[in-house]
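Engineer: Here is how the chains run, residue by residue.
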Amino acid sequence: MFLVDDLLLRPLVSLGNVIHSMAIEEMYDVDALRDERKENRLLYELGELSREEYERRQEEIRDQIALAEEAREHLSGRVEVKR
Amino acid sequence: MSDRHLYVYGVVERDEIELEMEGVDGATEIYSVDHGPFSAVVSDVETLEPEETDENSRAHDEVIRAVMEGGEGRTFVPMRFGMVFKNGRTLKSVLREARPAFSRALRDLDGTVELGVKLVAPEETSIDREAVAEDVSERLSAVSAGEADNGLFSDRLVFNASYLVERDSREAFDEAVEGIEDDYGDELTVQYTGPYAPYNFVDIEIGAQH
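As given, the protein sequences belong to chains Y and C, one line each in that order.
Going by the working numbering, the residue at position 1 of the first sequence is 1; the numbering climbs one at a time, nothing skipped.
Going by the working numbering, the residue at position 2 of the second sequence is 2; the numbering climbs one at a time, nothing skipped.
It is worth saying that the hints were derived from the structure and are not from the lab.
Small disclaimer: the values here were computed from a predicted structure and weren't measured.
Glycine included, C-beta positions come from ideal geometry on N, C-alpha and C.
Don't take each hint at face value.
Said to hold, decoys possible - Residues from chain Y shown here face chain C by an in silico Cβ test under 10 angstroms; the list is partial:
id: 1; residue: R34
id: 2; residue: K38
id: 3; residue: Q58
As the list claims (entries may be wrong) - Interface residues of chain C toward chain Y, partial, derived using beta-carbon atoms under 7 angstroms:
id: 4; residue: F153
id: 5; residue: S154
id: 6; residue: T189
Stated by the list, open to error - Not close to chain Y: a few residues of chain C, all C-beta gaps over 12 angstroms, as computed:
id: 7; residue: E51
id: 8; residue: G151
id: 9; residue: E178
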């Protein structure tokens, strides 16, 4: 969740920064991706997904997580991404 | 020649451990590095940052399970995936520094295992999720020594928790899960897993990759 209170305590943060942070927050939400990975595994364990489908999706999510982590690292110096 | 580092699965009371089984990153030998009253369960690894693939996670869990079930059932203080030490010397220095924490963990976890219970709803359901979760939690808390909420990471999940269970209370816990299956099995899928090493009931932070 984005903490608005926290921003109010830092009056120098511009609105542009805030919107930028929120966009990054949503686009590169590593925790949400990790949840998706766990859900994928759970559905496979319950027999709702085939092994192929499960593995395809798992690989896709792994790539997304790597990308998200890289993006956050790359951007973290310029905008603050808070949870 | 490539560097060989030590991948650590966890810590047990001092004991000689030698297993031929698959470890993380294709290792084939699992062995112990002793220091004081502890043995760290390790295998050789070439990288300081092994990738958390399905295969590696499974190897991590299976080594821990094999060590736990060996002997007469060992108490195991598990490490999270990915703890690598540069060599035996750095590992021993960490075991020395964290001695009080490991002693406490081994004492707290003595004779226990971890069991996981999930309740999963079908895509469409009209059940009262909160009421079910509350009832299930109450029944399982009564037969366990600790409970850890693992979070509802999927909309399909109604309940997801881990329990610390004394080996002696295992039967009572199994029966409680059976009762839950009897009462909710028509509407929900009950996933009962374990025994695991008590991951969710230890919190030892050790510096890896020294």
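Engineer: Hints the structure violates: just list their numbers, smallest first.
Structural biologist: Violated: hints 7, 8.
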